[in-house]
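Residue numbers (full-length UniProt numbering), protein chains in the order written: chain A, 1 to 85; chain B, 1 to 474.
Everything labelled a hint here was simulated from the structure, so no lab data went into it.
All of these numbers come straight from a predicted model, not from anything done at the bench.
Yeah, the Cβ is synthetic: ideal placement off N, Cα and C, and Gly gets one too.
Where hints are given, some of them may not hold.
Claimed, not checked - One-sided and incomplete, this derived list gives chain A residues near chain B with beta-carbon spacing under 7 Å:
| no. | residue |
| --- | --- |
| 1 | Pro11 |
| 2 | Leu12 |
| 3 | Ala26 |
| 4 | Gly28 |
| 5 | Gly43 |
| 6 | Val50 |
| 7 | Cys51 |
| 8 | Gln64 |
| 9 | Val69 |
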Amino acid sequence: MKSRITVDGEPLPFVEGQTVAAALVAAGRVAWRTTRVGGRPRGVFCGIGVCFDCLVTIDGTAGQRACLVPARADMTVRTREDGDE
Amino acid sequence: MTEPADLLVVGAGPAGMAATATALAGGLRVVLADSGTTAGGQYWRHPPEPARAAIPTGDLHHGLGAYRTLTEALSTGRDRGRLDLRPAHHVWSVTREDDAFTVHAVDRRHAPEESAVTLRAPRLLVATGAYDRQLPFPGWDLPGVLTIGGLQALLKGGGVTAGRRVALGGTGPFLLPVAAGLAARGVEVVVVCEAAHPLAWLRHPGPLLRNPAKWAEGARYGAALARHGVRFRPRTAIVGAEGTDRVTSVRIASLTPGGAPRPGTGRRVDVDAVGVGWGFAPQLDLLTPLGCALTDAADGNAVVTVDDGQRTTVPGLYAAGEVCGVGGAPLALAEGRLAAASVLADGPAPPVPRGRRLAAVRATVARHRAFARAMALAHPLPAAWPAWLTDETVVCRCEEVTAGAVRAACAEDGAHDHRQVKQLTRAGMGWCQGRVCGPAVHCLAATDRAYEPAERLIATPVTLGALADLDARR
Numbered sequence: 001m002k003s004r005i006t007v008d009g010e011p012l013p014f015v016e017g018q019t020v021a022a023a024l025v026a027a028g029r030v031a032w033r034t035t036r037v038g039g040r041p042r043g044v045f046c047g048i049g050v051c052f053d054c055l056v057t058i059d060g061t062a063g064q065r066a067c068l069v070p071a072r073a074d075m076t077v078r079t080r081e082d083g084d085e
Numbered sequence: 001m002t003e004p005a006d007l008l009v010v011g012a013g014p015a016g017m018a019a020t021a022t023a024l025a026g027g028l029r030v031v032l033a034d035s036g037t038t039a040g041g042q043y044w045r046h047p048p049e050p051a052r053a054a055i056p057t058g059d060l061h062h063g064l065g066a067y068r069t070l071t072e073a074l075s076t077g078r079d080r081g082r083l084d085l086r087p088a089h090h091v092w093s094v095t096r097e098d099d100a101f102t103v104h105a106v107d108r109r110h111a112p113e114e115s116a117v118t119l120r121a122p123r124l125l126v127a128t129g130a131y132d133r134q135l136p137f138p139g140w141d142l143p144g145v146l147t148i149g150g151l152q153a154l155l156k157g158g159g160v161t162a163g164r165r166v167a168l169g170g171t172g173p174f175l176l177p178v179a180a181g182l183a184a185r186g187v188e189v190v191v192v193c194e195a196a197h198p199l200a201w202l203r204h205p206g207p208l209l210r211n212p213a214k215w216a217e218g219a220r221y222g223a224a225l226a227r228h229g230v231r232f233r234p235r236t237a238i239v240g241a242e243g244t245d246r247v248t249s250v251r252i253a254s255l256t257p258g259g260a261p262r263p264g265t266g267r268r269v270d271v272d273a274v275g276v277g278w279g280f281a282p283q284l285d286l287l288t289p290l291g292c293a294l295t296d297a298a299d300g301n302a303v304v305t306v307d308d309g310q311r312t313t314v315p316g317l318y319a320a321g322e323v324c325g326v327g328g329a330p331l332a333l334a335e336g337r338l339a340a341a342s343v344l345a346d347g348p349a350p351p352v353p354r355g356r357r358l359a360a361v362r363a364t365v366a367r368h369r370a371f372a373r374a375m376a377l378a379h380p381l382p383a384a385w386p387a388w389l390t391d392e393t394v395v396c397r398c399e400e401v402t403a404g405a406v407r408a409a410c411a412e413d414g415a416h417d418h419r420q421v422k423q424l425t426r427a428g429m430g431w432c433q434g435r436v437c438g439p440a441v442h443c444l445a446a447t448d449r450a451y452e453p454a455e456r457l458i459a460t461p462v463t464l465g466a467l468a469d470l471d472a473r474r
């Protein structure tokens, strides 16, 4: 059975070992943040922690690179926030 | 490991792993720190150990024999208390005082929690690798457009494909394994746009002939692409991406020899994801603040200067792998071994030199460097790439600075390097600190020299909490 994280209140399944970004992409999400100036949608771009496009809030800590943080059951992820918060 | 380390290695890709294994074999105590959750770097990126049965990736890799040998050497080193392996450690600063190095990192094994860690050793080897170099184009900031390294990382690290119908573009041999890996996982790779012409390689027959393994590898990928019906189009580029909330199509065009889109050749291809990469940019963040001399490499990057034993110009500081010039994993492995051999030779009790073996490693390094140079010359950034920008094209993704603003800073305000452009426009001032847009802004502002990244005093964002933590333990 797949484990689950909670993303914006909704359960999201992931395979143990995947990052939060991999779990989001596997679920068909390509964007989960909007930019500060243009309000443009952004998701994963570099996938290796360089570009900071994929920022999310994890367990209340903002500015987390979803592509670096391994998903863990019971993790709570909030999206749609600009990284500067 | 309780005793102090003799050598600190930052980066556990092929170079750092090889250096660590050689140093352990020579009797040194080593600390190996890496930001990844498991050793291997980007080249040998794997899911964490317990997840490997659920996420099989073995068929996506190359040279796994060497990886397993090195993994075993590291594991033996840990068992014997000679290796302190630090995964998920993000190094944000390195200082040198009293002939020793202090490395400041945050331990993110329990991310998002982080705690400050200070590591010390008399000798430091930096093997921090490289990341995909990018050239902006209209629409490259749409969701679904990724770097080819990003597509590969999702695939190798998480078993995830970012789209079902994908176009790849840019330049360099790395396009091939990414295309082959995606195709092997059932993705329809509709086109691979390579800006260079493969015949450019024929201008450098020497390095090609001396590296038969390289062209055999290329031929294997070529066969894999043919088997999956992937169309490889030389002298073409992805010059635009279109869509509203995500990419739905790309525009591809044939290129003139200078790299400008040929009028009338553009056509639209429907896709749901795109991968782009224009070679690599070495990760010099930890090296430049230490005052290492840099050298221009043939691919347009400044790289760290090393002698024939991988010693930088700073005493006690060694470098190996892509930071010394982008050249691929076999070169990185050889440079890692060579660097560790130098650490041993420079130490208080130098081992009896094994002349012939070291000479063979040096010869391997020389052969692969010649190949890397030929590769750089055969896959240049197309000189006329700015022709596909519009004034509205976003160049700096973080601060959303457009090509028009960068051009105005250069033409009207006289900026002639990326640092001045940054001061005038904020390009490179955001979260990524110019890592993504730096090479492109450099090209727009200055064309007569290699790209030297801005010095970043803090190489990765750290929380104030982690800094306070550090202070409390002093």
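Hint by hint, here is what the structure shows:
With 7 Å as the threshold, the beta carbon of A/Pro11 stays out of range of chain B, its nearest partner Cβ sitting at about 18 Å, so the hint is violated. A least Cβ separation of about 13 Å between A/Leu12 and chain B goes past the 7 Å threshold, and the interface hint is therefore violated. With a cut of 7 Å, the hint placing A/Ala26 at the interface with chain B holds, because the nearest CB-to-CB distance is about 5 Å. Nearest Cβ of chain B to the Cβ of A/Gly28: about 10 Å, over the 7 Å cut. The hint is violated.
Nearest Cβ of chain B to the Cβ of A/Gly43: about 5 Å, under the 7 Å cut. The hint holds. The interface hint given for A/Val50 holds, since its Cβ lies 5 Å from the closest Cβ of chain B, which is under the 7 Å cut-off. Look at A/Cys51: its Cβ gets to within about 5 Å of chain B, closer than 7 Å, so that hint holds up. Restraint check, A/Gln64 versus chain B: the minimum CB separation of about 5 Å is within 7 Å; hint holds.
At a threshold of 7 Å, the smallest CB-CB gap from A/Val69 to chain B is about 5 Å, leaving the interface hint in force.
Checked against the numbered hints given earlier, this structure breaks hints 1, 2, 4; the rest are met.
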